[in-house]
Amino acid sequence: MDFDFGVITANWRFLADGVWITVLLALASGAASLVAGFILALLRLRGPRWLRPAIVFYIDSMRAIPVLVVLVWTFFALPIVANVTMSPFMAGLIGLTAHLAAYAAEIVRAGIESVRPGQTRAALALGMSHPQILRRIVLPQALVRMLPAFGSLLSVTIKDTAIASVIAVPELMRQSETVAGQSFQPIEVYTFAMLMYFLLLYPVTRGVDRFYRRVAHLGRS
Amino acid sequence: MTFDWSVVWQHRDALAAGTATTFLLTIATMAIAVPCGMIVAALRLYGVAPVRSLATAYVELFRNLPLILVVYWAFYVLPILTGLGLSALATGLAALSLNVTAYNAETFRAGINSIRRGQVEAALALGMSRTQALRRIVVPQALRRVLPVLASTWVSLFKDTSLVSVIAVSELAYVSMQVRAQTFRVLEMLTAMAVIYWLLGYPQAKLVDWIQRRYAVTE
Amino acid sequence: MNGDATERAKATGTKVIRYLDVVKRYGNFTALAGVSLDVHAGEVVCLIGPSGSGKSTLLRCTNGLETIDGGDIEFEGARLGRDERTLRAMRQRMGMVFQNFELFPHLTAEQNVAEGPRTVLRAAPAEAKRRAAAMLAKVGLADKAASYPSALSGGQQQRVAIARALAMEPDVMLFDEPTSALDPETIGEVLNVMKVLADEGMTMVVVTHEMSFARRVGDWVAVFDAGRIVEEGPPEQIFDRPATARTREFLSHLGWGG
Chain A
-8 MDFDFGVITA NWRFLADGVW ITVLLALASG AASLVAGFIL ALLRLRGPRW
42 LRPAIVFYID SMRAIPVLVV LVWTFFALPI VANVTMSPFM AGLIGLTAHL
92 AAYAAEIVRA GIESVRPGQT RAALALGMSH PQILRRIVLP QALVRMLPAF
142 GSLLSVTIKD TAIASVIAVP ELMRQSETVA GQSFQPIEVY TFAMLMYFLL
192 LYPVTRGVDR FYRRVAHLGR S
Chain B
1228 MTFDWSVVWQ HRDALAAGTA TTFLLTIATM AIAVPCGMIV AALRLYGVAP
1278 VRSLATAYVE LFRNLPLILV VYWAFYVLPI LTGLGLSALA TGLAALSLNV
1328 TAYNAETFRA GINSIRRGQV EAALALGMSR TQALRRIVVP QALRRVLPVL
1378 ASTWVSLFKD TSLVSVIAVS ELAYVSMQVR AQTFRVLEML TAMAVIYWLL
1428 GYPQAKLVDW IQRRYAVTE
Chain C
1399 MNGDATERAK ATGTKVIRYL DVVKRYGNFT ALAGVSLDVH AGEVVCLIGP
1449 SGSGKSTLLR CTNGLETIDG GDIEFEGARL GRDERTLRAM RQRMGMVFQN
1499 FELFPHLTAE QNVAEGPRTV LRAAPAEAKR RAAAMLAKVG LADKAASYPS
1549 ALSGGQQQRV AIARALAMEP DVMLFDEPTS ALDPETIGEV LNVMKVLADE
1599 GMTMVVVTHE MSFARRVGDW VAVFDAGRIV EEGPPEQIFD RPATARTREF
1649 LSHLGWGG
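Protein chains in written order, with our numbering: chain A, -8 to 212; chain B, 1228 to 1446; chain C, 1399 to 1656.
This is chain A alone, in the form it adopts within the complex (with noise of 0.2 Å):
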């Protein structure tokens, strides 16, 4: 068995540029998703009470449709209901975040719950109105809280833009795909590829460990 991971030096810039996207889509999805999740949550809280079936309908799909689905769908079917067209960037970014803030939602409402009722009432006894309670109390806290779940589901963004390149999205992924098919050295690239993704991963996921085990005092009550 003969390795050449030249095939990796001849077309970095190629791949790197794979990298970029990847990091870009995870980012932009992961951004888009955790406003959205946020108003969702909101929403489903506090908002007018027959939004809510809806909200939790919309949670519930994404839990059940695999993110491959959602994002094939986005691309090839998406347009022609809505009649536009979009790039296959866009797509997996508007599938990323449709995919992602249900999760988010669900981890925003899970911190808020958590959050002890003693210390509602302890603020309503001072005097604070509910949004003051939630803004200068609950959510602060919960917060906190929500931070290991954040972390897992940056985790889960970035390997989830992997499944982009189905429809050929050119992050790491699709390009790796594109210099195996084209050297015939799958064995190097995909090894690269994984290489890559876990320098990507790993330190997200140790990350997020150390800074919550810092700060987790602040949302213990």
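Hints are supplied without guarantee of correctness; some may be wrong.
Stated by the list, open to error - Only part of the chain C face toward chain B is listed, based on derived beta-carbon distances under 7 Å:
hint	residue
1	1461
2	1504
3	1550
4	1581
5	1615
As the list claims (entries may be wrong) - Subject to a maximum C-alpha distance of 25 Å in a straight line, what follows is the list of computed SDA-like cross-link-like pairs (lysine to any residue):
hint	chain 1	residue 1	chain 2	residue 2
6	C	1536	C	1583
7	B	1433	A	35
8	B	1433	A	140
9	C	1408	C	1567
10	B	1433	A	34
11	B	1433	B	1243
12	B	1433	A	49
13	B	1433	A	52
14	B	1433	A	103
What the hints contain is simulated information worked out from the structure, not anything from laboratory work. Where a beta carbon is used, it is the ideal one built from N, C-alpha and C, also for glycine.
We have chain A; now place chains B and C onto it with these hints.
Below, chains B and C alone, put in the same frame as chain A:
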């Protein structure tokens, strides 16, 4: 633009076969990954130092790789490494099993570690050996904590089987997209695919919710 | 500083436990700095002192839950087992009651009490059940045999824990702050059970903050401070005529008048 939804019904046999394969993959993977996960967790908790490091490395590796990459890697590398000519289905099963075993190992390890030290001490104080304490006191309690997580892993696995479609395993996603390619009925087939997954996945997700409520640990 | 030997009423019995210059360190922190103490058969020895003074540590070293770094512990004339098997054999003859009860939540009260005889003594299930029922009746909880720990009050759980330890028919009972985690109303029911045991002649080592219990039921009291015993003697001496300033200071902090 006309839509012809009858294509879905026409190809119901293929879709049913794909669904069956999806279930088969899920069940087979769990059947492998639960016992293997227990073994890896045990190695990680009680093995000698080099074994512990190896087990930890395995778990950390597969928890930090995208599954779709593992599928591709298994498809291209496994035949060369093992010298076996595995079918796409077997390769997909191998990739899924490697992945889920790592997650299960972490689940089991966390479950065992979550049992308070005092419980082990009380058992030892009665004169039990460590093995007895593990078997009779720690594991029964850990099982309760582990069950909801395993249920959740099951649902994730069910969805992840869609990823082996990239190596042409005839599970639901692959079959749906094949029919789409043959009939050019893009919207109909892709929507049908989503709906079928929804119909299968929604009750499973609800079941997991119920399990998590039922087995919630209050301490 | 040490009570007059003639005042030690129960010193005629054999020495069930001997602590000989026991040293225990956690990293840089010295939890026990050379503790020597004897426990005679039938004695109730109470260990009192401020938090962190080493009382609980000494107890946990007694049955090997913690290993000592210096000195020796003798149990029934033999050095505390270094290997698992000897240690386990010794543990079977010691009963321990924990501050947090540590009942096994997946077992009923009766199953908890029967667990020791069943798993460790390899008694037949019927025999284990019989013993469990007897012990539960002894602590006044026969009617709670089928209840799970989560359905019991703190005091009830602790009494079940005592029954669990008694079911092994130990030669000595070790109590690690048995009432510290209890509501004031339930402390009494646990202390009453402990008094019954003492009256029956059980050898007991009790780490406690319940001074009135130590005064009434104890035969010998050792006052701990910073990993050492600063004074030991009969309860009358320790509580009524403490010989050291440290003891007086500690007792006055607890509001123990006189």
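Here's how the hints hold up against the structure:
no., hint, verdict
1, 1461, "6 Å, holds"
2, 1504, "5 Å, holds"
3, 1550, "15 Å, violated"
4, 1581, "19 Å, violated"
5, 1615, "22 Å, violated"
6, C:1536 x C:1583, "20 Å, holds"
7, B:1433 x A:35, "18 Å, holds"
8, B:1433 x A:140, "20 Å, holds"
9, C:1408 x C:1567, "21 Å, holds"
10, B:1433 x A:34, "22 Å, holds"
11, B:1433 x B:1243, "23 Å, holds"
12, B:1433 x A:49, "14 Å, holds"
13, B:1433 x A:52, "11 Å, holds"
14, B:1433 x A:103, "21 Å, holds"
Violated hints for the displayed structure, listed by number in ascending order: 3, 4, 5.
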